[in-house]
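S.K.: Residues per chain, in single letters:
There are 2 protein chains.
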Amino acid sequence: MDDDRKYGVTIQALRRVPYYLQQLKILQKNNVETVSAPKIAELLYLNEVQVRKDFASVSLSKGKPKAGFSVSELITNMEKLLGYDNTEEAVLVGAGSLAHALLAYEELKTYGIKIVAAFDNNAAYIGMEINGTKVLPAEKVSDLCRRMKVHIGIITVPAAQAQIVCDQLVAGGVLAIWNFAPVHLSVPDHILVQNENLAASLAVLSKHLKKTIDKI
Amino acid sequence: MDDDRKYGVTIQALRRVPYYLQQLKILQKNNVETVSAPKIAELLYLNEVQVRKDFASVSLSKGKPKAGFSVSELITNMEKLLGYDNTEEAVLVGAGSLAHALLAYEELKTYGIKIVAAFDNNAAYIGMEINGTKVLPAEKVSDLCRRMKVHIGIITVPAAQAQIVCDQLVAGGVLAIWNFAPVHLSVPDHILVQNENLAASLAVLSKHLKKTIDKI
DNA sequence: TAGATTGTTAATCGATTAACAATC
DNA sequence: TAGATTGTTAATCGATTAACAATC
Chain A
1 MDDDRKYGVT IQALRRVPYY LQQLKILQKN NVETVSAPKI AELLYLNEVQ
51 VRKDFASVSL SKGKPKAGFS VSELITNMEK LLGYDNTEEA VLVGAGSLAH
101 ALLAYEELKT YGIKIVAAFD NNAAYIGMEI NGTKVLPAEK VSDLCRRMKV
151 HIGIITVPAA QAQIVCDQLV AGGVLAIWNF APVHLSVPDH ILVQNENLAA
201 SLAVLSKHLK KTIDKI
Chain B
1 MDDDRKYGVT IQALRRVPYY LQQLKILQKN NVETVSAPKI AELLYLNEVQ
51 VRKDFASVSL SKGKPKAGFS VSELITNMEK LLGYDNTEEA VLVGAGSLAH
101 ALLAYEELKT YGIKIVAAFD NNAAYIGMEI NGTKVLPAEK VSDLCRRMKV
151 HIGIITVPAA QAQIVCDQLV AGGVLAIWNF APVHLSVPDH ILVQNENLAA
201 SLAVLSKHLK KTIDKI
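If you're matching them up, the sequences are chains A and B in order.
Letter by letter, the first sequence follows residues 1 to 216 in UniProt numbering.
Letter by letter, the second sequence follows residues 1 to 216 in UniProt numbering.
Just to be clear, a hint being listed does not mean it is correct.
Identical chains blur together in the list; that is why a pair holds if it fits in one copy or across any two.
What the hints assert, rightly or not - Below 20 angstroms or equal to it, Euclidean Cα-Cα: the simulated SDA-like pairs (lysine to any residue) are:
id, residue 1, residue 2
1, Lys210, Ala13
2, Lys25, Leu43
3, Lys134, Ser97
4, Lys149, Val193
5, Lys53, Lys80
6, Lys80, Lys109
7, Lys53, Gln22
8, Lys66, Arg15
9, Lys140, Thr34
10, Lys39, Gly96
11, Lys114, Ser97
12, Lys134, Ala101
13, Lys53, Ile126
14, Lys210, Glu33
15, Lys134, Ala41
For the record, the hints were derived by calculation from the structure and aren't laboratory data.
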C-alpha cells in the first residue's frame with residue numbers, strides 16, 4: 001500500500017482539495033514551480049496551518065523549509081487522490097432538466113466521472129438520446145449496474161421517488177450515490193451518499209438576505 | 001423585532017431545515033397534527049437533542065411535554081425563516097447547460113427564488129429565450145440589478161470568469177451570491193457567497209469509492 | 001399518578017488555529 | 001548566518017451529544 005498517509009484525510013479537507021487544485025493549475029500555467037502554504041492560504045483566504053496540514057495529508061511528498069512545495073507534485077498527488085486520473089462509470093436516474101445539465105457538463109470527465117446511461121420511468125423520455133447518452137426504462141437500472149459493474153449512481157428524480165431509486169441502485173451493486181433530491185436516503189453502512197442539496201444552500205442564502213434587508 | 005430567538009440559527013442547523021420541512025409536509029399530508037423530536041430524529045437519522053435544539057432555534061412556538069410540536073406551526077415557522085413565503089428576484093450570469101437546468105427548475109419558485117434575467121457574453125446566446133427568460137449581454141448585469149433592486153446573483157460561468165462576474169454583481173448591489181464555479185470568490189464583508197461546488201462533492205465521493213474498491 | 005417528552009446545562013468530540021522548535 | 005517556511009504539539013473554538021430536572 002503506497003497510499004498510506006500519516007493522517008487520514010478528513011471530509012472537510014477533501015472538499016478543499018478542488019480549490020487547491022484550481023489555484024495550483026493557475027500557478028503551473030504561469031510557470032511557478034514551487035509554492036508555500038502561506039501563499040496558497042492567502043490566495044484562498046484560508047489559514048496557513050490548515051493549508052500545510054491539508055498538504056501533508058494529501059501529498060506523499062514533503063515541503064522544503066524556505067522553498068515550499070513542488071507545484072507539479074502537489075497537482076499529481078491531488079489528482080490521484082481524487083481519482084481524476086482514472087475514469088469511473090456512473091448511471092443517472094431521472095432524465096429531467098438537472099439530468100440534461102449533468103449530461104452536458106463537460107467538467108465531469110475532468111473529475112473522472114463518465115455517465116454511461118440514463119434512466120427514467122416516463123415513457124416520453126425513454127429511447128431519447130441526451131448529449132449522446134440513451135435514456136432507458138427505469139426498471140432496468142439494477143440489471144445494467146450489475147452487468148457493467150457501475151459503482152456510481154446519480155439521483156435526479158423528485159424527492160418522493162428518491163428512496164426507491166436509491167434501493168434499486170444499491171441492489172445493482174452501486175457503492176456511492178450522488179443525491180440531488182432534497183431527502184435523506186437510507187443505505188447500508190458501506191454505501192456513501194453525497195447530498196447535493198440546492199434547497200439547503202438556498203436556505204443559508206435566503207436567511208442571510210432576510211437578515212441583511214431587515215437591517216436596512 | 002418579533003424575529004428574535006433565544007439562540008441564533010447556525011448555518012448547519014439552517015441546512016437541516018429543508019429536510020425537516022420535507023418530512024413535516026409528509027406528516028401533514030397524512031393528517032398528523034403533532035410530532036415529537038425523537039420521532040423526527042428517527043426519520044432523518046439525526047440525534048434527538050439536535051432536532052429539539054434546531055426546532056427551538058427555528059420555531060417561535062414551543063413544544064409541549066408528552067405531546068410534542070405542532071406540525072403546522074413548525075412548517076409555517078420554517079417556511080417563514082427560509083423566506084419561502086415571499087419571492088426574491090435573482091439574476092443568472094452564464095447561459096450554459098447549468099443555467100438551462102436552473103431556469104427549468106420549478107422548485108426554485110417553491111424556495112422563494114425567481115430568476116428575472118439571464119446574462120452571457122457569448123453573442124450566440126444573447127437574445128435567446130430560455131424557458132421564458134431572456135438572455136441579455138453580460139455587460140448590462142450591474143445596471144439591471146441596480147435598477148430592479150435584485151438582491152441575488154447566480155454565477156454559472158466558467159471558473160476563470162467567475163471573479164469578474166462576481167465583482168459586477170456586487171457593483172450592482174447584489175447582497176447574496178450563489179456560486180456554481182469551483183473557485184473562491186473575494187467579496188466585501190456584508191456579501192454572502194454560497195458555494196455549490198460539484199467538484200468538492202465528487203472529491204468526497206471518489207475518495208470513498210477508491211477506498212472501498214481497494215479493499216475488495 | 002407515571003412516563004414520555006421538553007428545555008437546558010454540562011461533557012464530549014472534532015476541526016481549526018496558535019505556538020514553536022527544526023531545517024534548508 | 002539569518003530568516004522564511006516546514007511539521008507537529010498544544011490550545012481554542014464550535015458543534016454535537018449526554019445527562020437530567022421540569023412538566024404536561
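S.K.: Hints first: check each against the structure and report whether it holds.
M.R.: Do the hints match the structure? See the list:
no.	hint	verdict
1	Lys210 / Ala13	between (31 angstroms within a copy, 17 angstroms between copies)
2	Lys25 / Leu43	within (13 angstroms within a copy, 43 angstroms between copies)
3	Lys134 / Ser97	both (15 angstroms within a copy, 18 angstroms between copies)
4	Lys149 / Val193	within (18 angstroms within a copy, 39 angstroms between copies)
5	Lys53 / Lys80	within (18 angstroms within a copy, 41 angstroms between copies)
6	Lys80 / Lys109	within (14 angstroms within a copy, 40 angstroms between copies)
7	Lys53 / Gln22	within (18 angstroms within a copy, 38 angstroms between copies)
8	Lys66 / Arg15	neither (27 angstroms within a copy, 42 angstroms between copies)
9	Lys140 / Thr34	neither (50 angstroms within a copy, 40 angstroms between copies)
10	Lys39 / Gly96	neither (43 angstroms within a copy, 33 angstroms between copies)
11	Lys114 / Ser97	both (18 angstroms within a copy, 17 angstroms between copies)
12	Lys134 / Ala101	both (15 angstroms within a copy, 19 angstroms between copies)
13	Lys53 / Ile126	neither (49 angstroms within a copy, 46 angstroms between copies)
14	Lys210 / Glu33	neither (45 angstroms within a copy, 29 angstroms between copies)
15	Lys134 / Ala41	neither (44 angstroms within a copy, 40 angstroms between copies)
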